[in-house]
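**Student:** For this one, chain Z is given, so just place chain V on it according to the hints.
Chains Z and V, in that order, give the protein sequences. With positions in the first sequence counted from 1, the corresponding number in my numbering is that position plus 438. With positions in the second sequence counted from 1, the corresponding number in my numbering is that position plus 438.
Rather than coming from a laboratory, the hints here were simulated on the basis of the structure. Keep in mind that a hint or two might mislead.
Identical copies go unnamed one by one, so any copy, or any two together, can satisfy a pair.
Taking lysine-lysine and the DSBU-like style, the derived pairs with C-alpha atoms no more than 30 Å apart in a straight line are [said to hold, decoys possible]:
1. Lys-492 <-> Lys-605
2. Lys-605 <-> Lys-538
3. Lys-639 <-> Lys-538
4. Lys-605 <-> Lys-853
5. Lys-639 <-> Lys-472
6. Lys-456 <-> Lys-799
7. Lys-450 <-> Lys-838
8. Lys-851 <-> Lys-605
9. Lys-450 <-> Lys-472
10. Lys-822 <-> Lys-799
11. Lys-799 <-> Lys-851
Spelled out from the first residue to the last, the chains are:
Number of protein chains: 2
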Amino acid sequence: MSMNLNTQAGIKAIQLEKLQAGIEELQSSNLFYKSRLHEVNSWNDFYDLPFLTKAELVEDQQRTQPFGTNLTYPLGDYVRLHQTSGSSGGRPLRWLDTGKSWLWWTGLWANHIYKGAGITSEDRIFFAFSFGPFVGFWSAYAGAERLGAMVIPGGSMGSEQRVLAIKELEPTVLCSTPTYALRLAEVGAQMGIDLSKSSIKKTLHAGEPGASIPSTKRAIETAFGASVYDHTGMTELGPTGFTCSAGDGVHFIESEFIFEVIPIGADPDPRSTQSEGTGELVVTNLGRFCSPLIRYRTGDLVELSRNPCSCGSLFVKAVGGIQGRVDDMFTVRGINLYPTQVEEVLMRYSEIVNFQIRHEKIRHMDEVSLLLETRDGTDKVVEKVVLDLRHSFGVRIDCKCVPSGTLPRNEMKAKRVVHVQS
Amino acid sequence: MSMNLNTQAGIKAIQLEKLQAGIEELQSSNLFYKSRLHEVNSWNDFYDLPFLTKAELVEDQQRTQPFGTNLTYPLGDYVRLHQTSGSSGGRPLRWLDTGKSWLWWTGLWANHIYKGAGITSEDRIFFAFSFGPFVGFWSAYAGAERLGAMVIPGGSMGSEQRVLAIKELEPTVLCSTPTYALRLAEVGAQMGIDLSKSSIKKTLHAGEPGASIPSTKRAIETAFGASVYDHTGMTELGPTGFTCSAGDGVHFIESEFIFEVIPIGADPDPRSTQSEGTGELVVTNLGRFCSPLIRYRTGDLVELSRNPCSCGSLFVKAVGGIQGRVDDMFTVRGINLYPTQVEEVLMRYSEIVNFQIRHEKIRHMDEVSLLLETRDGTDKVVEKVVLDLRHSFGVRIDCKCVPSGTLPRNEMKAKRVVHVQS
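Just chain Z, with the same shape it has in the complex (with noise of 0.2 Å):
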């Protein structure tokens, strides 16, 4: 195989090349896709098969229990097992990987997402989670044992034992949701230790897009006196994109995946996808072929860019990162948004150390307000925050602060919209 990741030229060659070895084997031993696929010996036999959607993956797990059918291998060659952590709503799925598999994981840890943030062999890594059946965290553990970096388990403590483990072990990088790094400031300022003075000199997130919008990645950078950096993933793909040294969004790594565009919404002909614009991503898995995903319809928006970036990669930019759900969209008074829009807007302050959407239904319509935690508990913010939200937006959302300490926080994703039952 010739990898030329050069061009743009070479790097298509070389996913057709890895596509069509990897299909036929599906072809022959995957009896979940043994009906789905076609041979690929082109682009256009490609772009003729079908999208796959995460329901359809959840109802063969429902019918094939434990595991379902989309395993190209026997049992036994799988040496991991874990589950989606369930906040895009339902069922987890489970996803099993091979010693090959999880090799893979690991390679596009240490030789894209940490070398993407220059974090070396040099580095300490203190790792701010628990070690659940969520993958995210313990691929970014292996992928940093793999990189020859010191690695600092801090699964099993209070936040408060994580700061003090920060202070007193002097870890070099923190990795973490953004939101829980924020909470960890936080919890550091209650205890008379400022962590902008500590040791971490970078800090590395998943798990939601905060750390690639700018304010809120301005807020992690004040707090740590830190370099943020983003990256995106998902349980049943694998790691798929880095920050680079640019820093205004994120690469999505090429020689490993597909990506491509549609519009959000529509029922869309496989046959035209894009591969640059705003839309949803599509993404096919090209190094994970023991329960791989073909044109899977991530239910991520994201805007991709292949304009020239100064870091020198060729790999496709989703600038901003991955910058929502499709499903989160929400319409205030006509206008729609994301609750990443919101964010953007709400982490200007740094009064406030947290928010929540709430939706409700009143008299069949959908109304919108926002709850705010600020960091004094009062509300002398919120005038300045309406007014904030109706520029940026063109409409006036209600905001209500809430007593300091109300608003759910635990180590995983942050839920930033709820649904209020009237």
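**Tutor:** Same frame as chain Z, now just chain V:
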């Protein structure tokens, strides 16, 4: 090096050879050992080396923060940072591993601990604990990865979720502390799920002596309908022993450590240690010269036997595993007892789900009583237990029942002895 493990003399030759090579390295580059050690050319040279205590390690780490001076290589060569659980009292010890010493850890798991229990790459292992800084959990996990078994990380889950995960994901092996295995069975029963009918065929334990205490072992066997295996180890030392097919104790891995015993409580002469008999275990590490321990007084109470074992191993056996901590001995009206002896009597009663030893000074007199938590919340069993304790130890020990769910439970080590201030 002639790796002849088929004779006692062969094992001793291997030990001496590894020790000589290691000590030479320490003398040139390990600050902690530089002044403590001399060249070792014979066993007599070895017996002239001083003992090392935990207090000395703690003091060294306090003097030179954060990792102390027992580092043979530059800090950049170390890739993992772990801490002791702190359950033996005092400040947790921090311990660093290099890539090479971590491979040594995981090799001992794959080639001795899992192998001793007949666990293979065909098994599916559920890890019922969170992955904090405590090394035992991580090494069990990494050893299973090395073995090629399927690993299911059960961190970040409550006990009910874990019971459901066992039911749905069908693991063949459960890895946990012995106390927590019994706790899971208890939670399962409350949920109407009988774990003795689950897919679990073997359970593997550490952290507490339980799995080598006959009545506790039987209780776990009954609760899971499974074979129960113990293993021993310490953060500072690594994994030291495993249960073999004979099932009546733990073989200490003499190809990787030197084991000695000294009398309890004395200030013994380093020249007069024994290679069998009852006393405090003293261990020298031969496979982790990045931060080794030479003639380390473990504080563990053992009975070492060199009688031939039915499993064929020549490695010395700790009869009944680790029988307790030397410091945990308590006295009831002149009779010396260890918590493990009390546990052996109490766990014969299926009515008892948990217990605690209360140690109180009343008018300068030591008073000991037991709190028992019974399955049905009643004290029907108490009279029988008091009689049984009296027959076993020749003294009356007061027992009191407490309501179901009163005594603390966690997934780590159970706190068996409570010293009450009065």
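**Student:** Now tell me, hint by hint, if it's right for this structure.
**Tutor:** Structure-based check of all given hints:
1. In this assembly of identical chains, Lys-492 and Lys-605 lie within 30 Å of each other by CA distance solely across copies; the values are 24 Å between and 42 Å within a copy.
2. Taking the closest pair of Cα atoms, Lys-605 and Lys-538 come within 30 Å of each other only across two copies (28 Å); inside a single copy the shortest separation is 37 Å, beyond that limit.
3. Taking the shortest Cα distances, Lys-639 and Lys-538 sit within 30 Å of each other only across copies (28 Å), while inside one copy they are farther apart (33 Å).
4. Both within a single protomer and between protomers do Lys-605 and Lys-853 lie at most 30 Å apart by alpha-carbon distance, with minima of 29 Å and 29 Å respectively.
5. With identical chains, the CA atoms of Lys-639 and Lys-472 are never at most 30 Å apart, being 48 Å at best within one copy and 35 Å at best between copies.
6. Taking CA atoms no more than 30 Å apart as the test, Lys-456 paired with Lys-799 passes in neither setting, with 49 Å inside one copy and 74 Å between copies.
7. Proximity of Lys-450 to Lys-838 under the C-alpha cut-off of 30 Å is found in neither arrangement, the shortest distances being 51 Å within a copy and 75 Å between copies.
8. Taking CA atoms no more than 30 Å apart as the test, Lys-851 paired with Lys-605 passes in both settings, with 25 Å inside one copy and 27 Å between copies.
9. Within a single copy, Lys-450 and Lys-472 get their C-alpha atoms as close as 25 Å, which meets the 30 Å cut-off; across copies the closest is 59 Å, which misses it.
10. Taking the shortest Cα distances, Lys-822 and Lys-799 sit within 30 Å of each other inside one copy (26 Å), while across copies they are farther apart (64 Å).
11. For a Cα distance limit of 30 Å, the shortest separation of Lys-799 from Lys-851 inside one copy, 25 Å, qualifies, whereas the shortest one across copies, 50 Å, does not.
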